[in-house]
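> Take these sequences, add in the hints, and give me the full structure.
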Amino acid sequence: MAIRTSVGQVCPVFVGRAEEAGALRDALARAGAGTPQTVLVGGEAGVGKTRLIEEFTATAGQADAVVAVGGCVETGAEGLPFAPFSAALRALRRELPAEVAEAVTGQEAELARLLPESGEPRHAPWDDEAAPARLVELTARLLERVAARRSVVLVLEDLHWADASTRHLLAHLVRTLRTGRLLLVASYRTDDLHRRHPLRPLLAELDRLRAVRRIALGRFDRTEVARQLTGILAAEPDPARVEEIFERSDGNAFFVEELAVASREDRRADLSDSLRDLLLVRVDRLPETARRVVRTVAEGGSTVEHRLLAAVAGLAEDDLIEALRTAADAHILRAAPDGDGYRFRHSLVREAIGGDLLPGERTRLNRRYATALEADPTLVAADQYAPRLAEYWYQARDATKALPAVLDAAAAARHRHAHSERLRLLERAMELWDLAPVSVRATPRPYGHAREVCPSAAHDPASESPRYVDLLAEAAVAGRLCGEAEHALKITGRALRLLDTGSDSEDASLRAAWFWAQRARLMRHTARGDGWAELATAQRLVRGLPPSTVHAEVLALVATWSTRRVPGPEAFSAAERAVEYARVVGARDIELNARLTLGGLLVEAGDIGTGLAEMYAVQERAEALGHAQVTGRLHVELPSRLEDIGRSREAVEVLHRGLEVARGLGLMDTEAQVRAHLGVSLFSLGRWDEAAAAFERVGRQGPAATGHARLALARGDVTEAVRQLTAARASFGTGAASAWHRLPLAHLALGIAAEEGRLADARAALHDVLAELDVPREGFPPGSRAHAWPLLLAAATAEADAFGLPAAEPGRAETLARIRKAARTLTTHAPVWHAYEHWVRAELLRAEGRDEPLDWSEVVAAFETLERPYDLARVRHRLAASLLAAGGEEGGRERATELLRLAGAVAGHLGARPLADSVALLARRARLPLSPTARRDPAESLGLTRREQDVLRLVAAGHSNRQIAGELFISPKTASVHVSNILAKLGVSGRGEAAALAHRLQLFATEA
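Residue numbers for the sequence shown, in the numbering used here: 619 to 1626.
Using C-beta positions, here's what the derived DEER-type ranges look like: (1) A822 - P905: 45 to 53 angstroms; (2) R1275 - D1225: 18 to 26 angstroms; (3) A822 - R903: 40 to 48 angstroms; (4) A1154 - G1429: 39 to 47 angstroms; (5) P905 - E713: 33 to 41 angstroms; (6) R1376 - D825: 38 to 46 angstroms; (7) E713 - S1191: 53 to 61 angstroms; (8) R1281 - D1052: 43 to 51 angstroms; (9) G1576 - S1598: 14 to 22 angstroms.
Think of the hints as simulated: they come from the structure by calculation, not from any bench.
Predicted, not measured: the structure shown is a model, and the values here were computed from it.
No residue lacks a Cβ here, since even glycine has one placed at the ideal position from N, Cα and C.
Dropping the structure here:
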């Protein structure tokens, strides 16, 4: 059992730091009010970061906050992913067992990767790109729930040693936590942050967030050093001694303590000018046994468990306890926070002792650690066993033992979705590969190693020994999954150079095809290309081979790629064969992905019922099997197809379910995509405020930005539309080569230009995108009609609105011909696109001054069957304008009035200011009342013009023609003509009868 030591400090007095301590207390108070806070404490080694945090956490504990501490572990290959979070969550579980148990309910298998005590981790597919994001999102939810009713302080020490997974998780927590009484406190050494240190960009990112505060801990001044010395020496120090120690320590609190202790023990003459020697002085004065134990602890890691230390030290229990007690009393060692091991009071001492060991001593100690741990894996926590064993054997310089241990650690990192650490370990395995004996390299690896990610033609891959190229395969996947796509591209290139691609063997072809398929993905990730050339090479390599997982995967990728670019017979064939091959080899995830692609292709081809049925069947199967990646993709693809065919309400139902699924599985990227699609469908349904909220939750990226820009443009906010368009272009980047990206961007650019009266720019936007996609020769790419019809409509509308303007005439005929030709290439399988076809045709006729009410009546009739209130309001406005322009009988004006009332009501409800203004202007010009509740003006019902109403009002008041002329600033002759017209319209014989009728009908009630 580990000995218990106090956290005792050499100086019992907490000196200075009033401002910093106050900042921590303020952050705790804000967190206690329900707004999560983060404080980053930085300073050089020994300046007092740990002491400040310990004093604060003691105060927080007294205020009923729960404190959980976890420290980052310094290892050579970043082999302990999530180490501080795992330690802190364990501490939290000890303090709040019921709350943590409740918070992890339903997600035990996933959260077990961070908190093994919660259950058995669930197996995830090797290429589950969403898995890391899912884990960090579920961790955020866990912390929000635990901190819902009680303040929690989560301390992460030594962030400068943090692994990539820890940095990613911390960044996510700070960015996304919005509720909960949680305070994150992280410390780091500023003197360890060299120019390319990976912590630097994270600190810069966090600095921009409101809920983050950085505390830069400086050195003590002379007064503070004097107070510290007073506390250490328990007496007022001699001023000369204060000056000397201040000069030598330069205000570093830890060095002040070491110098003060040396001074108190009258060892001033023994002190050298070397800081390392200064730190070793106290160690050198320990008894031999204690000194040997301290050296053993120094080589064991940041923290060494008691049982592991006992196994390595080889001392009797009493002797070991005595040595540890001596080291603790000398303020060299202290108990670990969990009470089960030991760590140095300051890492500087550990570093100094480690640096003082001879190479042979280090090798021997690491071998003893590795041997002890290999003999009894229970000496350390289960999640630390593989990475620590790998590190010990590696530092022991034993390639025979290190290679399999490193591969096991890489598999364990993969199991925890720590792909960055996994990549580092695999690179270490490559380093060891040629140093290990052939017999070791030929040993079959258990499930979870490279055999799973680079399958060969062998029927039982687990029985086949790995090759160097298999390490490259797993490293390529790890690089892609952790975001190091450029590095992964280099790895695949290296692998393809090693493979004999000219060989006719089935195994060589499959391996090469697999690497080419990975390169296709990576080309898209790095925006170096669309990946088609790489996929074509992979397809050529597997052509004619028997069904295999690689073959099925390549075909599925080809089908998915073609869906977005060239859907057609080849895409159908690839998808169908991918399904068939995947079923033969039992690759369920590939089968479901291929079936999802096939369903989308069927919808695109017009077989809507069959396609949607297939997609819904995939949804049911994927959820039943727990395939998170397929489920996430489905809740983006299915509603996208539903929206494309005008079934927006059904799409919203699927999308709301998708949000629940994405949140439950922690699929952050999927959740963002679902919200973006939700905004689009809500826009179609006329639920614009909800759409705006959905877009805002996603931010200015990709589809959300284009959707938000479209909404802003419809509401008349051109400035915001331009801002969102700019963001969308930046988000799509070179990926905008796809028609699915180019068409909406061109649509927005055209709409903005038209709204600002820049018809030439609007025409240029249309011309450019049609030319880029080769529409004049090839037509619109299949699958693009959801974006092509709105683009052509916007172009035709811009031309129609400019009809009659002399400046618009040059180029008008060519533009209209271009729009008509492009429209002929689009299909109208669904009612919504049939409606758009009528609309575009009517706008083209309006652009030529040839539209008739019948043309617009057909458009209105088409949209009345759809749930698209904004589109219906727009075409009703157009029909009203056409009816009024045609003139004719009173029935036309009645219908136009009702159409404008309906359009105006929708425009007002949606906040569609441009449409509302157009409706109001048309009604005003036609002198039509729009309020559905207002009584129609009786004078208008009699057919009197506005001028005639003014004349009749004066007639009813008894004015003569001359008086009327003077009142209205017209000639007496004109007044006489108006009076004659009034008498004829009213059917009366004289002025008196006209006045009587006006009073009886209360035509001018306000004057009565």
